[in-house]
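Enquirer: Assemble the whole structure, with the sequences as input and the hints as a guide.
Quick note on numbering: the UniProt record's numbering labels position 78 of the sequence shown as 78, and the sequence is numbered without any gaps.
Hints are computed from structural coordinates only; laboratory data are not their basis. Keep in mind the model is a prediction, meaning the values are calculated, not measured. Each hint should be verified, as a subset may be incorrect.
To be verified - Distance windows between CB atoms, simulated:
id: 1; residue 1: G99; residue 2: E132; range: 35 to 43 Å
id: 2; residue 1: R21; residue 2: R125; range: 20 to 28 Å
id: 3; residue 1: D122; residue 2: V17; range: 44 to 52 Å
id: 4; residue 1: I14; residue 2: Y111; range: 23 to 31 Å
id: 5; residue 1: M123; residue 2: A48; range: 34 to 42 Å
id: 6; residue 1: K34; residue 2: N100; range: 25 to 33 Å
id: 7; residue 1: R93; residue 2: A48; range: 42 to 50 Å
id: 8; residue 1: R20; residue 2: H89; range: 19 to 27 Å
id: 9; residue 1: S35; residue 2: H89; range: 36 to 44 Å
id: 10; residue 1: F50; residue 2: H12; range: 13 to 21 Å
id: 11; residue 1: R93; residue 2: D67; range: 46 to 54 Å
id: 12; residue 1: L8; residue 2: I107; range: 22 to 30 Å
What the hints assert, rightly or not - List time: in silico BS3-like cross-link candidates among lysine-lysine, alpha-carbon distance up to 27 Å:
id: 13; residue 1: K6; residue 2: K24
id: 14; residue 1: K3; residue 2: K24
id: 15; residue 1: K3; residue 2: K34
id: 16; residue 1: K24; residue 2: K34
id: 17; residue 1: K6; residue 2: K34
Positions of the beta carbon are idealized from the N, C-alpha and C atoms, including for glycine.
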Amino acid sequence: MLKIDKHLTAPHGIASVLVRRAPKLVLPFADRSKSRLRAVLDNGTDAALFLPRGTVLRGGDLLVAEDGTFIEVQAAAESVLEVRAQDPHALMRAAYHLGNRHTPVEIGRDYLRLEYDAVLADMLRRLGVQAEPAELPFEPEAGAYGGGHKHGHDATFAEDYAAAQAVFHEHHGHGHGDVHHVDDAGCMHKH
Numbered sequence: 001m002l003k004i005d006k007h008l009t010a011p012h013g014i015a016s017v018l019v020r021r022a023p024k025l026v027l028p029f030a031d032r033s034k035s036r037l038r039a040v041l042d043n044g045t046d047a048a049l050f051l052p053r054g055t056v057l058r059g060g061d062l063l064v065a066e067d068g069t070f071i072e073v074q075a076a077a078e079s080v081l082e083v084r085a086q087d088p089h090a091l092m093r094a095a096y097h098l099g100n101r102h103t104p105v106e107i108g109r110d111y112l113r114l115e116y117d118a119v120l121a122d123m124l125r126r127l128g129v130q131a132e133p134a135e136l137p138f139e140p141e142a143g144a145y146g147g148g149h150k151h152g153h154d155a156t157f158a159e160d161y162a163a164a165q166a167v168f169h170e171h172h173g174h175g176h177g178d179v180h181h182v183d184d185a186g187c188m189h190k191h
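Expert: Here's what the structure looks like:
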């Protein structure tokens, strides 16, 4: 069994001839979001992925096995809804409602793509957009902080919260130990 433990995101700078010759790992999005996985490459080789937690594989990424073998990741076709609209505002409105439901969405220049869901298809059509079932690769957005889709205080809450706080404090200008005030006499500046 081929043990895969390194991930190179596209563009990776590896010569195209090596990528063309590399065996392919074709997976749907749900499997490309797993850090531990057993799979079969397109050449029939059994493989085991041992990647850092939170790794999301994208079509075009490369994996490197312990023996130095390159493996190209390909996004498998899967059941999706492809959402289109004549009016960009209607498409933005659809994106808003999908985001409000925490639905993973791939955002294209003139389309949205999500995993097939009959209830969401009905909602989208009621919003005035076309929502057609299709069998296509699915590459949803990674999220504002680069992680996957998480809720509440799960196993990665602390690291997600820390990432959000770091982004906030880059723009907010002080840490948690600083005093917030309206007109404190010791504030060291004039109001």
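Enquirer: Report the numbers of all earlier hints that the structure fails to satisfy, in ascending order.
Expert: Structure breaks hints 1, 2, 8.
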